[in-house]
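Dock chain B against chain A, hints included.
In order, the protein sequence lines correspond to chains A and B.
When you line the first sequence up against our numbering, it's residues 1 to 269, in that order.
When you line the second sequence up against our numbering, it's residues 1 to 305, in that order.
If you are wondering where the hints come from, they were derived from the structure by calculation, not from laboratory data.
Idealized CB from N, CA, C, for every residue including glycine.
Check each hint, because a few of them may be wrong.
[Said to hold, decoys possible] Below 25 angstroms or equal to it, Euclidean Cα-Cα: the simulated SDA-like pairs (lysine to any residue) are:
#	chain 1	residue 1	chain 2	residue 2
1	A	98	B	247
2	A	219	B	194
3	B	194	A	248
4	B	114	A	219
5	B	107	A	248
6	A	98	B	292
7	B	56	A	22
8	B	87	A	55
9	A	219	B	269
10	B	87	A	10
[What the hints assert, rightly or not] According to the in silico footprint, chain A covers these stretches of chain B (three or more CB under 8 angstroms from chain A):
#	segment
11	31 to 39
12	151 to 157
13	212 to 222
[Said to hold, decoys possible] A few chain A residues that don't get close to chain B, going by computed Cβ distances all over 10 angstroms:
#	residue
14	20
15	48
16	134
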Amino acid sequence: MGKATMKQSWGTRLWRWTIIFLVSLYLLVPLYAMLDFSTKHFAMARPGRTLESWKAITTQPDLFPAIVRSLTTAGIVMALILFLIVPTAIWVHLKLPKLRRAFELICLLPLAIPAIVIVVGIAPLYRWISIHLTESPITLFGVYTMLILPYTYRSLSASLDSVDIHTLAEAAQTLGANTSRIIFGIIMPTIKTGIINGSFIAIALVLGEYTISNILNYKTFQVVIAQIGRSNGNVAVAVSVASLLFVLFILLLIPTKKRHRAVLDVDVA
Amino acid sequence: MTQLQYRRTGSANGRTGSRYWRSKRAYLGVLPFLIFSGVFLLYPTWSVISGAFQDKVGKFSTAELRAVVNSPISRHAFFNSIGISAKTAIAGAIIGGLFAWALVNGKPGGFFYKFSVALSSVLAQFGGVMLTFAFLATFGFHGLVSTLAVRFAPGSFLAQSSWLYGMNGLTVLYTFFQIPLMVLVFLPTLQNMKPQWREASDALGGKAWEYWLRVGIPILTPSFVGAALLLFVNSFSAYATANTLISMADFLTPLEISSALSSEVGGANPTEAKALSFVMVVVVIIAMTLYTLLRRRVTKWEKQR
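Next comes chain B alone, as it looks inside the complex:
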């Protein structure tokens, strides 16, 4: 509430203060930033998006984009990417959401709570090279769990490490960093639920499941779905984990982009990389737009406190 008031006076002052401040020369002040971001962000972005609609000599064409959409390899990689992102987003959202609920129901300022939040913030960033090593040390050859499995359950899939290097292994790895991210994103929402809602439900004779079915779940759904969308984007754009775990080149769209880009393999094809990137950006933008729309609904009741 105070923030809103500040913002209002702020912009009002901005208008009256303009006599002192505004002049054409003021625009020069943003020039260094504009040049820097132009070189390192805006132009590269533009070159990817425009490049997706060009052929190899730079003329307008949708041929490369059509080729990418129609190619079985790209399709396979794309649906693999969508599939693993959706799977790990849902798994991460459910497990992380439950864990966040368990945290909120504990002592709010307690050691366990603080420790879990700090650990979550480290582990959510843990994706990539080090995460791969952690799971190799767990389930890989001579890993902690696989050594135990070899001794006690030699027939089980855990005893062979091969499952780790495929889609199943990658799903387990991705879910590992989705859970803590979900905890971080979802905790504030759960904390903003008013105890009065539960009390009102109890006072009117509602059972626990009735409270969750009629009040809890309907109220949490928009932020839950929003958080799941964030997790989706998070794993959809992930590259490092897959790159270090799996050596197959065209397994996921990010891996396909990197192999189209690197000339080491011989057949470097930057236009193909741009077309693939364009497809990725479209997916991310759709997800982020949905997220923004959902957040707008959520902030209505979260901010009222």
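The shape of chain A in the complex, shown without the other chains:
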């Protein structure tokens, strides 16, 4: 189906273009409206275009620190994926086949627990952390790492299944490699794409997260955008457009062939 060689009837073609037109209208008009809105004057009645709101982005006091904090959090989440989640997944695959089901169950648990529910359970912990340790929003890396566990697990287990890591590990051991060399030097490079995808998803998730940080009163990127929106809609819309472009840019960095699958995984949330 859908081969270019197949001749399409007039009916099919008409249907096809009607659907495409209507859906595109639904999806693209709000995006265009954002662009339109962000170039209006602060005094809405005044006609004409201006870059006022785009220039005002740089003068927002909370925005830049929030971006830095969110990116730092994303970096920590990525490090945890690399040095905790991935090695554990490999370890379970190699040495503890009995635990595979249990490990999978833990990793997929966040799919059954919406973020709003996790917040209920984790609020006491973060209250304790902010009283006794630090009030920094960066501590959210703990719960964020758990939130993306299902997607990390899926892209990992797919790559782990497609490579015979047992043979690799035994070969490496015969040649004298120790365990950490086997995990970090031999196996992780072979499942590189799975790991890279997981890391991109981490950035997208951390930059887009609102539920948990808003309820726990942490000023993350999204919370600050919402806060700007309460005082100046134009600027908030301009920031939204900018961050949308940023996410699109990140997604384009993922190799085309893998992107579809990785992004599909993240959306199952």
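Below, chain B without anything else, positioned relative to chain A:
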């Protein structure tokens, strides 16, 4: 097919390889992960589920759960949540499914196809604060469409922005991120339909509608329903969009949970939040179980290729 073979040899090697590998000490390797996930995932989950069955001093009781089920406010919020999730899941599944069909019928590697897939993957994640701003910029006060409506159709509902801040507005917003999600979930299924099925139907003299009625729809139904269930869960657990668009506190179950949780309002009630959360988890688990059962049927023919 190759994946299956690999998996088989993999686990067989795992068994024979055990001489080199397995020992009691190996279990220590999962300890860091276990501690981390215990602190940030397992214990919080457990505290929600057990907390739903406790009273305020921690004794076993179903009183809070019963109170939540019987309270008119919670019921209203719950049925609002179920209603909007079902509505937007069905709307999103139909519109997104049609769009996916339109994509598959085009040039498969073409620019339009690639662009649509990339855009879908961005927009499916678009829910929340930024989505609200997008629709405020469209239909809100001084928005693109409402400005036009004021000029050309001042009597229509579009000219007033008030519809946006209620259930109708929220439905439109939710559907916006359901459509691209459906495109992403449903596209692989449509791509796996074999052209031979259509050819066979044509060769036997079947009309287009006969093909869809007897072959296409029956074959697609399980994955379509499965995808719709995913969309249902997706909007059932959504919080950010509703929170930024609507200031009413007890409008949907997620909003009710957050207002029960935050002490700013004064009457913070964590037990109530836990009971409400438990109800949500039960709904999500039912939907996800149905989804898994349906997927199992689907993978039978999808994997055969």
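Taking the hints in turn, this is what the structure says about them:
A distance of roughly 49 angstroms separates the Cα atoms of residue 98(A) and residue 247(B); the hinted pair therefore is violated under the 25 angstroms criterion. Between the alpha carbons of residue 219(A) and residue 194(B) the distance comes to roughly 50 angstroms, so the proposed pair goes past 25 angstroms and is violated. Straight-line distance between C-alpha atoms of residue 194(B) and residue 248(A) comes to about 32 angstroms, which puts the hinted pair past the 25 angstroms bound. Between residue 114(B) and residue 219(A) the alpha-carbon distance is near 36 angstroms, which puts this suggested pair outside the 25 angstroms criterion.
Distance hint between residue 107(B) and residue 248(A) is fulfilled; the C-alpha atoms sit about 23 angstroms from each other, no more than 25 angstroms. The hinted pair formed by residue 98(A) and residue 292(B) meets the criterion: a straight-line CA distance of about 23 angstroms does not exceed 25 angstroms. A C-alpha spacing of about 53 angstroms is found between residue 56(B) and residue 22(A), which places the hinted pair above 25 angstroms, so the restraint is violated. Distance check on the hinted pair: residue 87(B) and residue 55(A) sit about 40 angstroms apart at the alpha-carbon level, beyond 25 angstroms; violated.
Using a Cα cut-off of 25 angstroms, the hinted pair residue 219(A) and residue 269(B) holds, with the two alpha carbons roughly 24 angstroms apart. Distance hint between residue 87(B) and residue 10(A) is unfulfilled; the C-alpha atoms sit about 32 angstroms from each other, more than 25 angstroms. Look at the segment 31 to 39 of chain B against chain A: 5 of its residues bring a Cβ nearer than 8 angstroms to a Cβ of that chain, three or more, so the hint holds. Using a Cβ-Cβ cut-off of 8 angstroms, 0 residues of the segment 151 to 157 of chain B lie near chain A, which falls short of the minimum of three, so the contact claim is violated.
A count of 0 residues in the segment 212 to 222 of chain B with a Cβ less than 8 angstroms from any Cβ of chain A is obtained; the coverage claim is therefore unmet, three being the minimum. Some Cβ of chain B comes within 10 angstroms of the Cβ of residue 20(A); the nearest lies about 5 angstroms off, and the non-interface call is violated. Every C-beta of chain B lies more than 10 angstroms from that of residue 48(A), the closest at about 14 angstroms, which supports listing it as non-interface. Separation of residue 134(A) from chain B is adequate, the least Cβ-Cβ distance of about 16 angstroms exceeding the 10 angstroms criterion.
Checked against the numbered hints given earlier, the structure breaks hints 1, 2, 3, 4, 7, 8, 10, 12, 13 and 14 and satisfies all the rest.
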